[in-house]
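Now for the letters of each chain:
Protein chains: 2
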Amino acid sequence: MEKLLLWFSPIVAMMALFFALKLYFWMMKKPEGNEKMKEIAEAVRVGAMAYLRQQYKIVIIFFAIAFVLFFVMSRMGLLNPIIPFAFLTGGFFSGLAGYLGMIVATRASSRTAEGCRQNLNEGLSISFRSGAIMGLIVTGFGLFDISLWFILLKYVGPMIGLEYSLTEITMTMLSFGMGASLQALFARVGGGIFTKAADVGADLVGKVEAGIPEDDPRNPATIADNVGDNVGDVAGMGADLYESYCGSILSAMALGAVANASSGQSFNAVLLPMLISGLGIVFSLIGIFMVHGKNSSSQKELLFAINKGVYFASIMILLSSAGLVYYLMPGNMGYWVSILVGLIVGIVVGKSTEYYTSGDFGPTQGISNSAKMGPATTIIDGFAVGSMSVWIPIMTISGGILMSYYMGGGAVNPTSGFYSIALSGVGMLSTLSIIFATDAYGPIADNAGGNAEMAGLDKEVRQRTDMLDSLGNTTAAIGKGYAVGSGFLTALALLVSYLEEAKMNLLHNNITMLGDFAVETITMGQMVDHFEINILNPNMLVGTFLGGMTVFIFAALTMKAVGKSANYMVEEVRRQFREIKGIMEGTAKPDYQACVKIATKGAQKEMILPAMIGFLTPAVVGTFVGIAGVMGYLLGIISTGLLMAIMMSNAGGAWDNAKKIIESGVHGGKKSEAHKAAVVGDTVGDPFKDTTGPSLNILIKLSAMSSIIFVGLALLKF
Amino acid sequence: MEKLLLWFSPIVAMMALFFALKLYFWMMKKPEGNEKMKEIAEAVRVGAMAYLRQQYKIVIIFFAIAFVLFFVMSRMGLLNPIIPFAFLTGGFFSGLAGYLGMIVATRASSRTAEGCRQNLNEGLSISFRSGAIMGLIVTGFGLFDISLWFILLKYVGPMIGLEYSLTEITMTMLSFGMGASLQALFARVGGGIFTKAADVGADLVGKVEAGIPEDDPRNPATIADNVGDNVGDVAGMGADLYESYCGSILSAMALGAVANASSGQSFNAVLLPMLISGLGIVFSLIGIFMVHGKNSSSQKELLFAINKGVYFASIMILLSSAGLVYYLMPGNMGYWVSILVGLIVGIVVGKSTEYYTSGDFGPTQGISNSAKMGPATTIIDGFAVGSMSVWIPIMTISGGILMSYYMGGGAVNPTSGFYSIALSGVGMLSTLSIIFATDAYGPIADNAGGNAEMAGLDKEVRQRTDMLDSLGNTTAAIGKGYAVGSGFLTALALLVSYLEEAKMNLLHNNITMLGDFAVETITMGQMVDHFEINILNPNMLVGTFLGGMTVFIFAALTMKAVGKSANYMVEEVRRQFREIKGIMEGTAKPDYQACVKIATKGAQKEMILPAMIGFLTPAVVGTFVGIAGVMGYLLGIISTGLLMAIMMSNAGGAWDNAKKIIESGVHGGKKSEAHKAAVVGDTVGDPFKDTTGPSLNILIKLSAMSSIIFVGLALLKF
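Chains as they are written, first to last, in the working numbering: chain A, 1 to 718; chain B, 1 to 718.
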């Protein structure tokens, strides 16, 4: 029966891909608008694809080098020989998901604009379903690859003489997550730099210096700006969530195998996260088709329509996973409580994000108030709001960790406790297909708005896209909560997997004894004792400080990168205004693609160093301060990274919405001194919330994955 | 012989106080300048004393409550009965040092201004020696109190029936450091809020709105601004360094007793930090009297004169401590290496501070460049520079920790390794008397400049005070490096003391067995095992996250506090300009003291919550997640706190100097757009570098001290 259940996940995954294709054809049949709209959409599409091609060229080189490195390491016996290949496929599918997502998004925006010309509901349908396509692509590919690798290694491998234990299989599969993480970091950092460089360039020269409105076709950077929304919000987010989704499932599988090795339930424990994710796809699909409003729907009714779908999927996943846990892991209903805890944590973190960043609440209103006193107080206040905003997420996640751990039997079997924590993350992300849709339709509507503006459509169209965009900000908060929470829980699970990998590495190298312990049967607690992974070990302490330091260096580099790239952009836009006569009069067309190229080049150049740091630092740390040092390093990067990520994302969001409050007419409205101050806050917040903040979330997991791969170096000392 | 040596420290401490008095009389004999200068100095003095009185009123209430709490706890057997009293004296002497320092500083400024009317060297002599007075007061009181308590508990106690072991004595004395830390936090936070509120108020309304220059007597906030420099830079810094000085000695003494308990060298190990500190005072005194220039000295020659004194004291302390270690701890010369390491770490961290914040180097020049593009890029760049600046300090401190630990025999005896780390901190701060002088003459010169400006003295006088001020910024960098480095090392030493206190607490409550271990002879490693203080314990993980969270909340609260208080100030200044006719024409005098009162009130109100958080959170964390949770909490607060403190201090310093670069005429000079942007950066940097950053440094140690006091609550779970 369990073996039959195993086929459920790949089949559901293919179903997701099938429905993604179906929805894609549905979307493509929608009218694309007039010639002007098509032309603009085409320009954005060309720019976005040019960017992706350039980005992938560099990523391929990087992956090739890493592959060779891993291959050599595996030849030296430092790595399982499957790892280099699993690593490649993880990167490949992540890249593919980003590429397809981009194709969908760049085709959906003009259609959404055209839909909004008819009515709000048509606009919502097109943008929401396009978001759903991306969600289904991400979850479909993710679950398909995971289950396929599992079946290959478990059933096909033995046929060709590659027989591995369940633990070895699942630990090896983590390197699939490593590929996804590395590609996601490139996508987030590169996309983040591109989008903000283009944004700043368009705003500083176009809006401030030339005094033309946002998305004005006379602005040479305007196409780049819209391309940026796609490569940052769509491709970047796609790769990010793909990585989170796979990471949570893979880490749960790895721990499931280890935690239940002695109870004989290990196969079921590995199966459970795949099945929960499979069920999540099914219920999300139903939920997606539940979302539709009426032509006359108000914003509130639309919000309700969307929420209805999300709530349905969430409740169904809760009910059905209770059954699953009961059937697969009898006597361990605590695991189900973890899934419940995960959903609650995600929602609370999301709601707290909303509270601290939405213009409807005190903190952001306070920032708009501070703007009356000038830019400095705006910055100080926003920074304070962002810093304060960590408390609810940290308290909630901390409570969730303790709850999941102890409900999962951690007091008796620590690994089982961490498996339980990992399941929290899986539960949270199981409904990603629909959650992604609630996250992604906002950026699509934003792009549709750009299209409408540039094509000179009626004001009403722009109002409708703006309404969808702002609705998107509200529904996206929960998605963000899920991403942050699950990433954090996954990272914790990877901490333990690190020790397991160390053990496997020792066995692989025929080391059978560690001091007084036999490696074969060593428990996690004994590993901790042997490697002195405790707070009095100065190596661990130093590792923790180095982990925190890495977060700050990474933040500095990515912010600097935005500044540098924006500089190039500003110069290019100024050059075009100066050299191409007739731009301002509308008699000559600016060279849009030149701006796209500049931003692309800047992003590519600047993304390499931060990515290298995330990827290689664990190897260096391991070489110098050993196993305890690396675990300290991970603890430092997880705790400081999470705090900085929340602070930066929320400060950025709050500044953005404080500006919008003023633009709505409060404190003097647009062009007032307060507005100027709020614009400064918003500009500072841009790299905070769209480049550095979200990248940190990936850095945390990449570091953990990378530590696992390079564990051999940390063991050299012993 | 060792008992005779014991008397060395209190005698030297009294000598320090004697020379402080002597220098004070020397300074008081210097002419105070004309009537106008006296009047202004008097106004600043009155304001500063009014502030201190108000501050101490609140601190006394807080201490009274804490005393009662500790007294009750000691009655319940949760605390040693000496602790409440030791706690009080720590706070008392810290407050006294701040009070006396303020008396010195407010009397020195007009005399320095008058000195500068004669020549630069006279100005330097007065300001430097006044700084030295404060340094001698701090070290004199500190060492006197410590050695007195030690003699009391060790020799007088047994006479009246209070017999304690060496470990108990030194552990109890830590609560003396707790009193100093708590008072220091109040001084830093309160002073930091006051000075920045006054600064922002004076700048925003006076400079920007009314368009009058800095320190113009027509500005109602100008006296408050000068008072602020005293309460922030003088009283705040004094309390801060007093706390660091005592904390480093006390933590080394406590660990020395434990680490060498079995070798019979524990008495000598306790003596060593006191003796090093005593020698430090002697050599510093000689160094102080070595500092004098000629009337015709250039700035470079003056810098050399100051450095000569510092280098002399440092080299002598290195040489003599080698002899001391050789004599007291034969066979443990590794401890001496730690002292050397400490000095190197302090200097490297100081130099790195200089590199990242001085206008002579790339990072700050880069910020002034970014200012050309507006305030947003200025902020982003400064934030990036601050974040990047953590790398040298963290790498250096990490290397220093490992070096000290292993040289101190940590591989065999972990406690000895941590004792060695603590000695690094003691060595660093042993020359505090002269280091303090190099730190403090800058603010005195700054105040002298204010006095000169308000009294309408020759431009030349202001130029000379400015030169001293800027020279002070250079020499102060090393002092900052010492403060940050030693604070961090002390906090690490306190981590281990925490476990020792837990052990004593158990014994005190007649708990003799912990699982398989006898409490009496339990080692630190066994404590770690028993309480599972390792990375797989979710309580420890959660503690780490909570520690990091506390840093962010503390930062948010203190920054918000500056904003709020500045708001009151702005309104008051505006009110005076509006209601008191003739201010701008110079026919009516503004109400200076009203501004002082407003800033005082704001600071007092806003400092309470952050102080409470630092003081009480360890108790709450301990109650919920136990010993392992508290140790994780401390790890989180130490690592994240250190990173944030360095980032904020350096970003603030860099913004400040980037503004100064532009004011020197680059990028369009004063009143250019670039200058406006740089002013925004400077204003954001103010609370970063003068309120939150330095307060975090104290928060770290206060948390550790507070955890030690409340260890009984964390043990309730067991």
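If you're looking for bench data, these hints aren't it; they were derived computationally from the structure. Each hint should be verified, as a subset may be incorrect.
It does not matter which identical chain is meant; a pair holds if it fits inside one copy or across any two.
[Stated by the list, open to error] Pairs of lysine-lysine residues, derived as DSS-like cross-links and limited to a Cα-Cα distance of at most 27 Å, are as follows:
(1) Lys207 / Lys660
(2) Lys605 / Lys372
(3) Lys597 / Lys372
(4) Lys29 / Lys154
(5) Lys300 / Lys660
(6) Lys207 / Lys676
(7) Lys36 / Lys351
(8) Lys670 / Lys3
(9) Lys207 / Lys671
(10) Lys372 / Lys601
(11) Lys564 / Lys372
(12) Lys372 / Lys660
(13) Lys676 / Lys57
(14) Lys581 / Lys660
(15) Lys676 / Lys30
(16) Lys605 / Lys676
Bear in mind that the values here come from a model prediction, so they are computed numbers and not experimental data.
Taking the hints in turn, this is what the structure says about them:
{"no.": "1", "hint": "Lys207 / Lys660", "result": "within (16 Å within a copy, 30 Å between copies)"}
{"no.": "2", "hint": "Lys605 / Lys372", "result": "between (39 Å within a copy, 24 Å between copies)"}
{"no.": "3", "hint": "Lys597 / Lys372", "result": "between (38 Å within a copy, 25 Å between copies)"}
{"no.": "4", "hint": "Lys29 / Lys154", "result": "neither (43 Å within a copy, 90 Å between copies)"}
{"no.": "5", "hint": "Lys300 / Lys660", "result": "within (20 Å within a copy, 53 Å between copies)"}
{"no.": "6", "hint": "Lys207 / Lys676", "result": "both (12 Å within a copy, 20 Å between copies)"}
{"no.": "7", "hint": "Lys36 / Lys351", "result": "neither (40 Å within a copy, 60 Å between copies)"}
{"no.": "8", "hint": "Lys670 / Lys3", "result": "neither (63 Å within a copy, 76 Å between copies)"}
{"no.": "9", "hint": "Lys207 / Lys671", "result": "both (11 Å within a copy, 23 Å between copies)"}
{"no.": "10", "hint": "Lys372 / Lys601", "result": "between (38 Å within a copy, 23 Å between copies)"}
{"no.": "11", "hint": "Lys564 / Lys372", "result": "between (30 Å within a copy, 13 Å between copies)"}
{"no.": "12", "hint": "Lys372 / Lys660", "result": "both (14 Å within a copy, 26 Å between copies)"}
{"no.": "13", "hint": "Lys676 / Lys57", "result": "neither (40 Å within a copy, 43 Å between copies)"}
{"no.": "14", "hint": "Lys581 / Lys660", "result": "neither (34 Å within a copy, 40 Å between copies)"}
{"no.": "15", "hint": "Lys676 / Lys30", "result": "neither (40 Å within a copy, 51 Å between copies)"}
{"no.": "16", "hint": "Lys605 / Lys676", "result": "neither (32 Å within a copy, 31 Å between copies)"}
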